[in-house]
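Undergrad: Each chain is listed here by its residues.
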Amino acid sequence: MTPSQTIGPFFGHALFQNHFVVPQGAPGAFWIRGRVFDGAGDAVPDAVVETWQAEGWGRCLTDAEGRWGVHTVTPQGSEFIAVSVFARGVLRRLVTRIYLPATEFDIVLQGDGETTFYEY
Amino acid sequence: MSFDLSFEPPLYWPDYGSTVLRAPMKQPVKVDPEGVELTGPVFGPDTVGPLDHDLTQGLGGEPLGERIIVHGRVVDTDGRPISNSLIEVWQTNSAGRYSHERDQHRAPLDPHFHGVGRCLTDAEGNYKFVTIRPGAYPWQNHLNAWRPAHIHFSLFGRAFTQRLITQMYFPGDPLHRHDPILSSVPEKGRSLLIAELDLGETVPEWALAFRWDIVLRSTPMEDQ
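Just so you know, the sequences run in chain order A and B.
Everything in the first sequence is counted per my numbering, starting at 1 for the first residue and increasing by one.
Everything in the second sequence is counted per my numbering, starting at 121 for the first residue and increasing by one.
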């Protein structure tokens, strides 16, 4: 199996974003928003947060305050939305799950309030 | 189908300073993937423009540097081809500079090279890019930290469980053993990140070829 490597800091011009898992005005649509933090409590401005559910895929490049967000709907047939997190300084993809209902989801990479990450 | 971590870098790897505050310290929760995680986004042909696999075109002139072909095959650990699946790549120009606003390396930008490409694998899992050989660059991790030339690869596979972002390196580079990012991979896995020179695919009088095959973890197929 091909090993993982960090996404590095210089991907912003290479990866298209998709904040709209479902289009504006879709029935039942809402935003899930959050921030990404490191172990010192500082925002992570160079992370990528991707979401996946049967209804579609989202990808956000965090801004200077570590913010991300997707416009989506409650998934059918699953209790959660699957999430991948990549960043400079993260050597392997981090996987987490957003259990619904949720409109806020911060990702804490390390330390107090560290996000639950999953491994298959 | 548990994950063989013996070829994978650890999350906490202090030689690469940025991991120190970004590596989770709690043990991950081991789970079997559920239905949604056994599927993944499907990117159709309209995701990829006809020249997106050729990083040397589309900017009004020929970029400087060594033109190369980078190609290979994407399969899973059972040898099944990963067909019609999106690959995204990005890299520096031949001088070792990214076309990215935050890259401050004092090396020239190339107006004819952005260093960004994408393609879909074909029915047999093959991919091919035409590009310029990237350069090494300094990165301040430690005194005289220089990244060996590399190309970033992002792969979606067919399922969420297969998602991979990694880097491809070039053979014979003396910077490999000094690079904490490549060296974060256990020694037996490092060669899996290094392409090989491929004279068979090299186009005479035009471009050297390098071959790099990619293996994604196997995952049970969802029938949908």
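Just so you know, not all the hints are guaranteed correct.
[To be verified] Simulated restraints on C-beta separations: (1) A:GLY111 to B:GLY181: 42 to 52 Å; (2) B:ASN261 to A:ASP63: 36 to 46 Å; (3) B:VAL149 to A:GLU65: 23 to 33 Å; (4) B:VAL323 to A:THR74: 43 to 53 Å.
[Claimed, not checked] Anything over 12 Å on all C-beta distances counts as not near chain B; from chain A, calculated: (5) PHE37; (6) ARG88; (7) ARG92; (8) GLU114.
[To be verified] Example chain B residues on the side facing chain A (calculated, C-beta under 10 Å, incomplete): (9) GLY155; (10) GLU157; (11) GLN177; (12) GLY180; (13) GLU182; (14) ARG226; (15) ARG253; (16) HIS270.
Think of the hints as simulated: they come from the structure by calculation, not from any bench.
Note that the Cβ used here is the ideal one computed from N, Cα and C, for glycine as well.
Undergrad: Where does the structure disagree with the numbered hints, that is, which hint numbers, in rising order?
TA: Hints 2, 5, 6, 7, 8, 11, 12, 13, 14, 15 not satisfied by this model.
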